[in-house]
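Visitor: Here is how the chains run, residue by residue.
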Amino acid sequence: MADTPAKPLINLTVNGRAITAPPGTLLIEACKQAHIEVPSFCYYPNLSLQAACRMCLVEIEKMPKLQTACTVVVSEGMVVRSETEQVHRARKSAVEFILTNHPLDCPVCDAGGECELQDMTFKYGAEKSRFVEPKRHRDEQQWSPLIYFDRPRCILCYRCVRACGEGMDVWALGVANRGVNSTIIPNHEDHLECEECGNCVDICPVGALTAGPYRYKTRPWEMTHVGAVCTYCGDGCKTTLGVRNDTILRADNRDKSGINGDFLCVKGRYGVDFTQHPERLKQPLARGVGGSAELKPVSWSYALGTIAKRWLEIQKAGGSFGVVGSTRSLNEEAYTLQKFARRVLGTNNIDHHRSADYPALFDALGGREGQPVPLAPAEALKAGGPVLLIGGNPTDEHPLLAWNLRWGYRLNKTRLYILNRDDIKLRRQAYRYAKVGDEAAAVRFLNGTGAASASLTGVGEASEKRWPQTPPSTVETVNESLQEFRARLRQEKDVIIVFGSEISGDAIRELVAFGSGLEGTTRYIAMSDNANSHGAADMGLYPDLLPGYTPLSERSKFEALWGGPIPAEPGMDWNQMRAALQQQNLCTLYVSGANPFRNTPVAPESLKQTFLVVQDLFLTETAQCADVVLPALSGYEKAGTLTNTCGEVQVQKRGGGFEGAKSDLEILYLLADAMGAEWGAASPDRVLQEIRTAVKGYGVSLAKLLSGESVMTAPLNGRVPHRTAPELLLPNRDTLFTAGTLGRYSVVLNSVMERHLKKEAAAE
Amino acid sequence: MTPFSQSLEQKFQELMARYPARRSALVPMLIYGQDELGYLPPAAIARIAELLDESEMAVREVIGYYSMLRLQPAGTYHVQVCTNISCLLRGGDELMEHCQHRLGIGNRETTKDGVFSLEEVECIGACSWAPAVQVNYDFHQELTPERLDQILDAYQQRAGAGERAGERA
Ligand code: SF4
Ligand code: SF4
Ligand code: SF4
Ligand code: FES
Ligand code: FES
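Protein sequences, first through last, are from chains A and B. Following this note's numbering, the numbering of the first sequence begins with 1 at its first residue and continues without gaps. Following this note's numbering, the numbering of the second sequence begins with 1001 at its first residue and continues without gaps.
Source of the hints: derived by calculation from the structure; they are not laboratory data. Check before you lean on any hint, since a few could be wrong.
[As the list claims (entries may be wrong)] Which chain B residues face chain A? A few, computed with CB under 7 angstroms, are given here:
(1) 1057
(2) 1061
(3) 1064
(4) 1065
[Stated by the list, open to error] Now the in silico label distances, taken between C-beta atoms and shown as ranges:
(5) A:134 / B:1109: 50 to 56 angstroms
(6) A:218 / B:1122: 44 to 50 angstroms
(7) B:1022 / A:257: 41 to 47 angstroms
(8) A:34 / B:1109: 53 to 59 angstroms
(9) A:75 / B:1018: 33 to 39 angstroms
(10) A:132 / B:1072: 30 to 36 angstroms
(11) B:1088 / A:218: 50 to 56 angstroms
(12) B:1018 / A:132: 46 to 52 angstroms
(13) A:131 / B:1005: 44 to 50 angstroms
(14) A:178 / B:1014: 43 to 49 angstroms
Idealized CB from N, CA, C, for every residue including glycine.
Model the full structure from these sequences, guided by the hints.
Guide: Quick look at the structure:
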């Protein structure tokens, strides 16, 4: 790509102005680049061409009729006029025609105020309509728990049909009938069975498709719009929160900001309602108030005082501490949590819910400073270079990565190689797809240290011919061996390797050894579950690693920075802490924004000797066992930075607020204060500054970050002496509609899931 | 499961092999399928979708596009009266009205006994002999209400003689 010689630009004239555009550019895009507006409805960049609305008509010399600028490709010497009398008349007629049956119920339409039809009618429409026939009314239809259709408002631009089919590879929307009777239809006669992503709703230029959770709630101009980062999976989609009175009413990304363009999955778009769940904790809770064994509401000062008192006593008695951090908290909070554990509590017993073995990856990649960063940003999957996907199921667990892979396949001919034990949906875009019994064994085979997996069941190839007109629902099987699969891979250059939690420890080292042997720069993406799983690892939530995967033996740098000693010995990981709990050997456990008892329960009796402090949004399984519970703010209610699964840092902005709760950072500073450490007031900016200077690989440009860009990190600090026990890697295995503990508190996600479960039950 | 006869299934296989892309066979398959069953019930849609490796919705999209493809059963004799320009000038709409009276049904309706259904259609390519009426696949031209009556009588008799749906001319 970068090294293909640039082709000469095409010269054309638009409205008497000479402009240029690369060959192959659509006229409408060439005009846009030159800031000449050509109105359009059905045209949508990167979807197939439709030419349905006739809004983009322009005059082109030597062509007999007006032409649709959205389908004409620029050619040398082309002379175009977009503001002539004839063009103006054509636009007026197009709008008039589109409005034939349009109800003009803008005052109650969700899209009112941000509707392309309103804007176009205002700018280009006629003041009168020649149609005198009564407009046809059709009742609105609910197609799914989330998706509603108001047929009369539809202008038949087919954007939704294409977004769902080409973009999502779901193909759930179609067009029935012909002419004036044409209508968009859902895939199951009167309802939709689909991924509920809402891309169709947000791509709809009018209010024909609307979303249940948002409809009739507010007017767009009553909200402030905050560019935040999704707090669900590890992909780090930008999402624009619509906030009114500190309450988040919707999330979308129609402004196409951020790494995800206009994509969001169902969680990012509709799962924001967890912030308003009735079970949100509004006050600290504590046991023992008035002699009660139950958790009772208490004041913040009482709660913090109680915790500090107990912790100081335990410290004095030389008791043991354990700390579990969050994979959704911000980088500043994770960094501060481990600093708090190490400096204030004086322990290295700190861990987090691990879902990718980042230390092994950075160990394998270590010692190559000065070379290009071998991590790939999410966007790189769109570019068309070869991709090897091993394990995981991006469609469910990493919807943005899956979207980007489909994009690369559809628009840039990505050759996608897949090794997976399951028939994951992305095999439909695979160039070669091999079903293997064990991905790690397959990696050893690739690297030449293991035999071809005996349980290999065949190598499949998606049929390229049919894409993207219709879904290739069958994968054609080619008679190839895994040897041939590997031979093909070895001929590729600049491969991006994406892998799931099936690959950890030495398998990662083998994978990197294989990748290093490939031509060009091999880059990696390790898939981890949550919004800041990668950040939590980078920030040092490990018993034996300081921020930036710095071994404890090199702790002096941080000791100097933090003004005091750090314990020299590695602490306990979660398994060891859990064992200590069970042996009633841990004096206190501080769980900040995690729910470890969900996957690895601990018998309540064994907690009797442990003073358990939990800080969370909800009374989770872990919080229910706590002695003190502190209500925390959600990821949408605070500011700082997050690192996505690929290693890209982005700024999180405060969207809504929540009375009574505090951010993890503020809580840590208050606790530090109560413990007698002189930390002063919490300031995310100051912590970020410290991270940028102290954590190797995080010296990212502040200007870029603050302008909303994502910046790649590279915490490559040489070898990482660390082993993650395989039992510690516990991926959530989320579906499209679940998200660890958090997703349980989204009423919207639950309603979708219930319906899907019912349908599955009915099908059986 | 297929709602189609074995010979039609056989024909489908031939049709699908005829085009570079299998889905190109969709329209002929729908027509032959409708000829055999009288209309396109859900089972027919499901079977054709399965054969072509398409979604049922994609099949429905195409059915919706073509007015001659039906989701509901028609009568044994489907009377299609042309009221497009040439026929209109020569009395097509009188024929249409006449049919409505005689059969006691409106446009796109079927008589109670299931013998006749009626549909107003666009040009059927018989302009030179307008006004024209098509019954199933038979053309009847240069009609007057009286001649049409005779024709309908003849069909009525054939129906009385035991010809059932599926055994069409
Ligand atoms: S919600 Fe998503 S998957 Fe469902 S119809 Fe819309 S675009 Fe398709
Ligand atoms: S529902 Fe919206 S996006 Fe879909 S065709 Fe109608 S106007 Fe276009
Ligand atoms: S893909 Fe991940 S980050 Fe993006 S919207 Fe979905 S859950 Fe959020
Ligand atoms: S934008 Fe060109 S026809 Fe719709
Ligand atoms: S107009 Fe009736 S057949 Fe052509």
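Visitor: Please go over all the hints and tell whether each is borne out by the structure.
Guide: Results of checking the hints against the structure:
1. The criterion of a C-beta within 7 angstroms of any C-beta in chain A is met by residue 1057 of chain B, whose closest approach is roughly 4 angstroms, and the hint holds.
2. At about 5 angstroms, the closest approach between the beta carbon of residue 1061 of chain B and any beta carbon in chain A falls short of 7 angstroms, and the interface hint on this residue holds.
3. The interface hint given for residue 1064 of chain B holds, since its Cβ lies 4 angstroms from the closest Cβ of chain A, which is under the 7 angstroms cut-off.
4. Given the 7 angstroms rule on beta carbons, the hint for residue 1065 of chain B holds: about 5 angstroms separates it from the nearest Cβ of chain A.
5. Separation of residue 134 of chain A from residue 1109 of chain B is about 24 angstroms and departs from the stated range, judged on CB atoms against 50 to 56 angstroms.
6. Distance hint check: the CB atoms of residue 218 of chain A and residue 1122 of chain B are about 48 angstroms apart, consistent with the given range 44 to 50 angstroms.
7. A beta carbon spacing of about 42 angstroms between residue 1022 of chain B and residue 257 of chain A agrees with the range 41 to 47 angstroms that was offered as a hint.
8. Distance hint check: the CB atoms of residue 34 of chain A and residue 1109 of chain B are about 58 angstroms apart, consistent with the given range 53 to 59 angstroms.
9. A beta carbon spacing of about 37 angstroms between residue 75 of chain A and residue 1018 of chain B agrees with the range 33 to 39 angstroms that was offered as a hint.
10. Separated by about 33 angstroms at the C-beta atoms, residue 132 of chain A and residue 1072 of chain B satisfy the suggested range of 30 to 36 angstroms.
11. For residue 1088 of chain B paired with residue 218 of chain A, a C-beta distance near 54 angstroms keeps the hint of 50 to 56 angstroms intact.
12. At roughly 49 angstroms, the beta-carbon separation of residue 1018 of chain B and residue 132 of chain A lies within the given 46 to 52 angstroms, and the hint holds.
13. Restraint check, residue 131 of chain A to residue 1005 of chain B: a C-beta distance of roughly 48 angstroms satisfies the suggested window 44 to 50 angstroms.
14. Look at residue 178 of chain A against residue 1014 of chain B: about 29 angstroms separates their beta carbons, and that is not inside 43 to 49 angstroms.
When each numbered hint is compared with the structure, violations occur for hints 5 and 14.
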